[in-house]
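First to last, the protein sequences are chains C and X. All residue numbers for the first sequence refer to the numbering used here, where the first residue is -15 and numbers rise by one. All residue numbers for the second sequence refer to the numbering used here, where the first residue is 12 and numbers rise by one.
Heads up, a few of these hints could be off.
Short, incomplete list of chain C residues facing chain X, as computed with Cβ under 7 angstroms [as the list claims (entries may be wrong)]:
1) G13
2) V16
3) A17
4) E18
5) T19
6) T65
7) E66
8) L151
9) R175
10) G292
11) I319
12) G320
Only some residues are given here: those of chain C computed to face chain X with a beta carbon under 8 angstroms [said to hold, decoys possible]:
13) Q10
14) Y15
15) V156
16) R157
17) G162
18) K164
19) V181
20) G277
21) I294
22) I361
23) M365
24) K367
Bear in mind the hints are in silico, worked out from the structure with no lab data behind them. Predicted model, so just to flag it, every value in this text is computed and none were measured. The beta-carbon is built from N, C-alpha and C at its ideal position, and this holds for glycine as well.
This is what each chain is made of:
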Amino acid sequence: MTVQSTPAGSANSLRTQPDERGHFGQFGGRYVAETLMPLILDLEREYRAAQQDPAFQAEFDYLLKQYVGRPSPLYFAERLTEELGGAKVYLKREELNHTGAHKINNCIGQILLARRMGKTRIIAETGAGQHGVATATVAALFGLPCTIFMGAVDVARQQPNVFRMKLLGAEVRAVESGAKTLKDAMNEALRDWVANVHDTFYIIGTVAGPHPYPELVRDFQSVIGNEARAQILEAEGRLPDMLIAPVGGGSNAIGLFHPFLDDRQVEIVGVEAAGEGLDTVRHAASIAGGVPGVLHGNRTFLLQDEDGQITEAHSISAGLDYPGIGPEHAWLHDIGRVRYEPATDAEALASFQRLCKLEGIIPALESAHALAVAERIVPGMAKDKIVIVNLSGRGDKDIFTVAQALGVEL
Amino acid sequence: MSRLPAAFARAASQDRAALVTFVTAGDPSPQGTAAVLDALVAGGADVIELGMPFTDPMADGPAIQRANLRALGSGTTTAAILDIARDFRARHPEVPLVLMGYANPMVRRGPDWFAAAARDAGVDGVICVDIPSEEDDALGPALRTAGIDLIRLATPTTDVARLPAVLENASGFLYYVSVAGITGLQQAAQASVEAAVAHLKAATTLPVAVGFGVRTPEQAGAIGRVADGVVVGSAIVELVEAHGADAAGPVRDYVGSLATALATARKELAA
């Protein structure tokens, strides 16, 4: 369990991205205002130093083990496997982490970087509130003041997480600009950062933003895939045939995928939120329904109109409700190493309920999207095949949304 | 051939800073922007920055954010922005026009398309907030091929080591963002502006224009004593917001007060 430094690897390794300018092929980069540019160059220098520092690695490992509760189990979902009648399905249980999702892995890494850099104030954006809660958690752990930017619409529909963040000592700032959701929260966090560069560290919650964020968030999240690789070798004596994970920005997915990228026999599937369907405008599938463009510091697939105006994303899962995708995913799609498939709100809802009943696990709606695609693919696979699905988070936060979708009043 | 060098040279020959004014294209409406632009010129602006509205203006404060939403809400497309520029050029053959905005609308149809369209509309320069020198490839080569100035931004965080990279391929003028922050909110301490301008002018022969947070004629005059240009944006945008279709008069009067302050600022100092 170590911070994954970019491997020296062979010339055709897929694990050596990005290049020194932060580009993953034509994607990624550092599209930020000049005010922020010196800061992200500093961050990159500090991250390179941390990668070489055994004390940093040791503290990261210690906190992941003793505070987060890692390693997370790789669980053979026997009843789900029986029900689907095909490949064996394993669940990587990220929902058992402290704070209930994979988000905390990255927050631990970034707050350790913030401390190295002598920053005394933490900011973050959040959509559903999971990254906000994880950030507020690590800020409390290290006694740093913390401001979370959250769209006013999300504040209204995610009250339990808002209250959690406040209990943890964070200030939650409701963002009233734009559509008042995740994208606007990120805009506002960037505005705050640019005005407070001297003391503030911005903990970005996914594998997006300007270089080096997509790289360092991936590295911190790669603990998921490194563990899963060792665990499946122990359980089955071989690598899996397929990995499936949900992709909003894509941090849990890249965390699972990255350690397997050079194992070409392992098929890899990312799941985008198709909302009410790809034939409608109400979805969040930026690869299936978007084109390359520049937003929030990087070049990637974006939902946008013909003039480059960003269009609103929609998903029943607030964590997938973003009009872009991490640049490394854009690249992995481009080169064909990872296949991106859509799952609709309705499919995710059905899979959400099925996992509750079959396995006694309430999954996050994000994770339910991955389960939906697993349910589509697994029945057609031979019984001796092995599939790992990333159960990126637990669904307690989603019970109000699910109840509403099912017409139940709580 | 860019009109920017001549405009700064003319102001310098009159011993004053050039007045650079910003409004958002399509604000209050695509049809209503022409009257506002004419008011800027009538008030004495030397250079016009025409903002390209974007759904996600992350370097802008509340005033310009709202202007972006008003413009997009009133149907301001990229084609409409280019029409506004082309019509302005027909009415004002000599006044430099600079498009300012964010990368995505500029590169949506490809940088070459954008650069050629801007050139054909009579645009002299482009300021792109979120393409730093590290990502110059995304737009710079296309603009240079089209003969359009790429105006670079320097900020209080741009250190000595970085400045040469910022200046490389910069043309037209250098825009000094005087505060680390978003548009329209705080104003920088005068002493820090003076020190920064002196530092920048030692490193480049380009005119240095200073902006962010400049609101009053007094502030403009103080900066105009040391800088080659003074940029005013949010205060004008707020007038457009307050007066809507009737904004031309108030905008002309306000810009006139800024121009007067700049015309006399250095003479007051000498007196």
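Checked hints:
1. Here the hint on G13 of chain C is kept, as its CB sits about 5 angstroms from the closest CB of chain X, short of 7 angstroms.
2. For V16 of chain C, the interface hint holds, the least distance from its beta-carbon to any beta-carbon of chain X being 6 angstroms, beneath 7 angstroms.
3. Because the closest C-beta pair between A17 of chain C and chain X is about 5 angstroms apart, less than 7 angstroms, the hint holds.
4. Taking 7 angstroms as the C-beta contact cut-off toward chain X, the hint placing E18 of chain C at the interface holds, the least distance being around 4 angstroms.
5. Nearest Cβ of chain X to the Cβ of T19 of chain C: about 4 angstroms, under the 7 angstroms cut. The hint holds.
6. Here the hint on T65 of chain C is broken, as its CB sits about 44 angstroms from the closest CB of chain X, past 7 angstroms.
7. About 47 angstroms separates the beta-carbon of E66 of chain C from the nearest beta-carbon of chain X, more than 7 angstroms, and the hint is not met.
8. Annotation: L151 of chain C was flagged as interfacial toward chain X, and the flag is violated, the nearest CB pair being 30 angstroms apart, outside 7 angstroms.
9. Given the 7 angstroms rule on beta carbons, the hint for R175 of chain C holds: about 5 angstroms separates it from the nearest Cβ of chain X.
10. Nearest Cβ of chain X to the Cβ of G292 of chain C: about 3 angstroms, under the 7 angstroms cut. The hint holds.
11. With a cut of 7 angstroms, the hint placing I319 of chain C at the interface with chain X is violated, because the nearest CB-to-CB distance is about 20 angstroms.
12. With its C-beta approaching chain X no nearer than about 24 angstroms, G320 of chain C sits outside the 7 angstroms limit, and its interface hint is violated.
13. For Q10 of chain C, the interface hint is violated, the least distance from its beta-carbon to any beta-carbon of chain X being 10 angstroms, above 8 angstroms.
14. For Y15 of chain C, the interface hint holds, the least distance from its beta-carbon to any beta-carbon of chain X being 5 angstroms, beneath 8 angstroms.
15. Annotation: interface hint on V156 of chain C violated; nearest CB of chain X at approximately 19 angstroms, more than 8 angstroms.
16. Annotation: R157 of chain C was flagged as interfacial toward chain X, and the flag is violated, the nearest CB pair being 14 angstroms apart, outside 8 angstroms.
17. The interface hint given for G162 of chain C is met, as the beta carbon of that residue sits about 7 angstroms from the closest beta carbon of chain X, less than 8 angstroms.
18. For K164 of chain C, the suggested interface contact is broken, since its CB lies about 12 angstroms from the closest CB of chain X, more than 8 angstroms.
19. Look at V181 of chain C: its Cβ gets to within about 5 angstroms of chain X, closer than 8 angstroms, so that hint holds up.
20. Given the 8 angstroms rule on beta carbons, the hint for G277 of chain C holds: about 5 angstroms separates it from the nearest Cβ of chain X.
21. Of the supplied interface hints, the one on I294 of chain C holds, with its beta-carbon coming within about 5 angstroms of a beta-carbon of chain X, less than 8 angstroms.
22. Of the supplied interface hints, the one on I361 of chain C is violated, with its beta-carbon coming no nearer than about 34 angstroms to a beta-carbon of chain X, more than 8 angstroms.
23. For M365 of chain C, the suggested interface contact is broken, since its CB lies about 40 angstroms from the closest CB of chain X, more than 8 angstroms.
24. Because the smallest distance between the Cβ of K367 of chain C and any Cβ of chain X comes to about 48 angstroms, over 8 angstroms, the interface hint for this residue is violated.
The structure fails to meet hints 6, 7, 8, 11, 12, 13, 15, 16, 18, 22, 23 and 24 from the earlier list, while all remaining hints are met.
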